[in-house]
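Participant: Now for the letters of each chain:
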Amino acid sequence: MAFFFEVLIGGLLAGVMYSLVAIGFVLIYKASGVFNFAQGAMVLFAALTFVSLLERGVPFWLSFLVTLATMIALALLIERAVLRPLVGRSPITLFMATLGLAYIIEGVAQALWGAQVHGLELAISDAPLALGGLLLSQFDLFAAATAAALVVLLSLLFNRTRIGLALRAVADDPRAAMSVGIRLPRVWAVVWAVAGFVGLVAGLLWGARLGVQFSLSLVVLKALPVLIIGGFTSISGAIVGGLIIGASEKLAEVYLGPLIGGGIENWFPYVLALLFLLVRPAGLFGERAIERV
Amino acid sequence: MSNSPLLELEGISLSFKGVKAISDIGFSVAEGEICALIGPNGAGKSSLLNVINGVYRAQQGRIRFAGQQRRVMHPHAAARGGIARTFQNIALFKGMSVLDNVLTGRNLKRRSSWLEQALRIGRAPGEDDRQRAAAERVIEFLRIQPWRDEIVGTLPYGLQKRVELARALAAEPRLLLLDEPMAGMNAEEKREMSRFIVEINREFGMTVVLIEHDIGVVMGISHHVVVLDYGRKIGDGSPEQVRRNPDVIAAYLGVRPAAASGLFPHRSATWHSFSKC
Amino acid sequence: MLYREAGQFSVRYADDRRFFRLRQDRLGLAALVLFAFIGVPLLGNDYWFSAILIPFLLLSLAGLGLNLLTGYAGQLSLGSAAFMAVGAFAAYNFELRVAWLPLLASLLLGGLVAALVAVVFGLPSLRIKGFYLLVSTLAAQFFVPWTLTRFSWFSNDSASGVISAPPLLMAGYDFSSPAGRYLLTLAVVSALFWLGANLVRSELGRNWMAVRDMDTAAAVIGIPLLKTKLLAFAISGFYLGVAGSLWAFTYLGTVEPHGFDLNRSFQILFIIIIGGLGSILGNFLGAAFIVLFPVLLSNLAGLLPTGLIDAGQIENLQKMAFGTLIIIFLIKEPEGLARLWQRFRERTRRWPLRH
Chain P
930 MAFFFEVLIG
940 GLLAGVMYSL
950 VAIGFVLIYK
960 ASGVFNFAQG
970 AMVLFAALTF
980 VSLLERGVPF
990 WLSFLVTLAT
1000 MIALALLIER
1010 AVLRPLVGRS
1020 PITLFMATLG
1030 LAYIIEGVAQ
1040 ALWGAQVHGL
1050 ELAISDAPLA
1060 LGGLLLSQFD
1070 LFAAATAAAL
1080 VVLLSLLFNR
1090 TRIGLALRAV
1100 ADDPRAAMSV
1110 GIRLPRVWAV
1120 VWAVAGFVGL
1130 VAGLLWGARL
1140 GVQFSLSLVV
1150 LKALPVLIIG
1160 GFTSISGAIV
1170 GGLIIGASEK
1180 LAEVYLGPLI
1190 GGGIENWFPY
1200 VLALLFLLVR
1210 PAGLFGERAI
1220 ERV
Chain V
28 MSNSPLLELE
38 GISLSFKGVK
48 AISDIGFSVA
58 EGEICALIGP
68 NGAGKSSLLN
78 VINGVYRAQQ
88 GRIRFAGQQR
98 RVMHPHAAAR
108 GGIARTFQNI
118 ALFKGMSVLD
128 NVLTGRNLKR
138 RSSWLEQALR
148 IGRAPGEDDR
158 QRAAAERVIE
168 FLRIQPWRDE
178 IVGTLPYGLQ
188 KRVELARALA
198 AEPRLLLLDE
208 PMAGMNAEEK
218 REMSRFIVEI
228 NREFGMTVVL
238 IEHDIGVVMG
248 ISHHVVVLDY
258 GRKIGDGSPE
268 QVRRNPDVIA
278 AYLGVRPAAA
288 SGLFPHRSAT
298 WHSFSKC
Chain G
3 MLYREAGQFS
13 VRYADDRRFF
23 RLRQDRLGLA
33 ALVLFAFIGV
43 PLLGNDYWFS
53 AILIPFLLLS
63 LAGLGLNLLT
73 GYAGQLSLGS
83 AAFMAVGAFA
93 AYNFELRVAW
103 LPLLASLLLG
113 GLVAALVAVV
123 FGLPSLRIKG
133 FYLLVSTLAA
143 QFFVPWTLTR
153 FSWFSNDSAS
163 GVISAPPLLM
173 AGYDFSSPAG
183 RYLLTLAVVS
193 ALFWLGANLV
203 RSELGRNWMA
213 VRDMDTAAAV
223 IGIPLLKTKL
233 LAFAISGFYL
243 GVAGSLWAFT
253 YLGTVEPHGF
263 DLNRSFQILF
273 IIIIGGLGSI
283 LGNFLGAAFI
293 VLFPVLLSNL
303 AGLLPTGLID
313 AGQIENLQKM
323 AFGTLIIIFL
333 IKEPEGLARL
343 WQRFRERTRR
353 WPLRH
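Chains as they are written, first to last, in my numbering: chain P, 930 to 1222; chain V, 28 to 304; chain G, 3 to 357.
Simulated from the structure, these hints should not be mistaken for lab results. Wrong hints could be hidden among the right ones.
Said to hold, decoys possible - Just a few of them, taken from the derived set where beta-carbon distance is under 10 Å, the chain P residues facing chain G:
#1 1023
#2 1024
#3 1041
Even glycine gets a Cβ: it sits at the ideal position worked out from N, Cα and C.
Produce the entire structure from the sequences given, and follow the hints as far as they go.
Facilitator: Okay, here's the thing in structure tokens:
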């Protein structure tokens, strides 16, 4: 029984990592209605920038700040060059634009830093911690704590600051927000910058776990089932969705795997999300769109 | 013209998440007549039309169309039964040409399978010609030939409304539902559209139910008027009867006729056009 | 300006329905087809057949398959490569295990199996719209290669699921030479394109576009959404399946499930975005671009001093260029190269006049 709980909790904690990436998606989707396929590439870019600075002997905090600044600059560039010209176009068009963006960022990242794996040490050991008879990874616990802190930070941002209010207004009705004087480009820039920050945190954690390599950008694909279960517009949904995906993925691998073959975790989350969609088309927390004819 | 009405609604009630849009509405539409649905904004007219052709499902009530009684109408059953409609916000296929849009209106008249059409064998070629001929008749009737190959999304509003009407007509329906066919048109366009509607009714014997705000038009072309207010029916009869109905007057002016004053000037204006017809 | 168009009127509706209304256009097409079938095999060399023309034709076919589903019927899909894989492995197994089946029949059956699989993954489209539908085709994209690798029956018990092309014998002729493979591919692709062009102009094509543009209105005028959407998945799956089979049989020679991965699906999506969604010609233009652009890049790199840009960097430059081009096309010309070509043609028809 203890084994089951260990797998479950291990899965939940892994799910927290998925949530971190999904939160970045939710932010951007909420504010600009764009499903940012380039989120994974941005996560990768952030991790690579950070790691290469570290490797050159730049101290941790300075590297963090420089990377953050780079991500913000990237966000501003994206808003200017890609989002603004495509205002008002269909969601599929915007999605395809972010697809192109992902390719560009990946190409640049690979051109600048090569394709080899970079190790990332975050000074948190992976040694197991014994808690109530279960063995849990310290690293996973740290990641969960970080995610929790991030969620608290984001809620404070959204609910207690003026810019947060502007973000929520834009998410609700961009035209109405414009008519009360909120500057959309500025709001979008802030949102993408915050998403970049979240991406950086996610990138660091994932990079420390897997090593900073190109499969990192494939993490974005795992975020899609998370968002489908949790809804595209809810941060709490992203957390819950991530937990569900993480847990079910691990459990399926351990318990179903021996029955039908290994490597299930590649497709299991999608099938799960698909079944979920058939029952609840808007996800657990998402909004149901009412179509007016 | 048969004696039983073509369309009969009984006790229709519709609500959205607790908000009642339509309360216990019933009326009949005789075959071959033009019936106008009027009433202030938000009275539930479009919703009623949506119930008739199955886009919305009423929680209560029954619909009888062409002798068949139903609890609820399904869009596909409505289309097959011969109900066609236009929408308030034009529901055309913006990426296709005018001709293609009109042809889609005839999709239920097809007999050949998609495979026959793909291989250009069997029933397909002859049917293609017949479909095209029928579409051309409608296009000619509504005088939109010059724009036949234009992509609908590029046409001006008034023309799009005519194309939408063409698509509905192409289905050769028994009942035509028009949701504000003259919205956004100037006086001349309205006259033209009125002429089309009257011609459709007289030439083809088509029964028409239309929602319209211009009282002058309503009084001029309808045989039968039904008045809605806040989701309830407050008037039902010939244009003359409805015009004199005190409840209808009250709904448009906000006060009983004796006390009519400058309190709601905009409503008075509507009333004046009402009384002038 | 290049030729006289005046005096050519359609007298019957059938004339109006032709692919090319102008006689000169039809002659041009006939000449092109003649050249492709007769001229090219005589003039071309092996490199051109194997490395340029065959992949170009097959990617055009795959593009058409995806275009039918996404460009015409509006159902977004990231699973194209998975359906290609199904077609390839199905055709391989038919050829292998049912010895008396002629090659074309195996191709056809492979396509049908792919169509069936596509319908299964397309069923959710009845409840889920637009964007969320991605999850279904993504599920296919990950599930199919896993299944093909996991159950070695599909690859006749070979390690890592590799299959190799059967002998390409048809009606007693051997098509395994580069020119032969080119002709086989050309014949199949031409036939399927003819069929596809008829389809998109037929009632089904109109129904697809109606569902794409506004599906609630489509339902209201009587278009059967279920049948229309599922047919889109089925026919698209069929085209992708045949493209996949030929990809294995006439292009690569051997293929494994991971050759039909997500990157391939993206590649096909790029083809139809750059070429033009909802266009027939666009598939050819997009495929030509995807096939020729890397060649162009490496030739350009070859002109620069050696060592300045190595092979790996070329791939990165390619990635960056594709991404940039996608964004540029989406901003400037969302209807892709096909629309650009159309504008160019309009200009030349009117030249030297402006309007």
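Participant: Does residue 1024(P) meet its interface restraint, that is, does its C-beta lie within less than 10 Å of any C-beta in chain G?
Facilitator: 7 Å, holds
Participant: Quick one, is the residue 1023(P) hint okay against chain G at 10 Å, beta carbons?
Facilitator: 9 Å, holds
Participant: Classify the hint on residue 1041(P) as holds or violated, based on whether any CB of chain G lies nearer than 10 Å to its CB.
Facilitator: 9 Å, holds
This entry satisfies every hint, going by the numbered hints stated previously.
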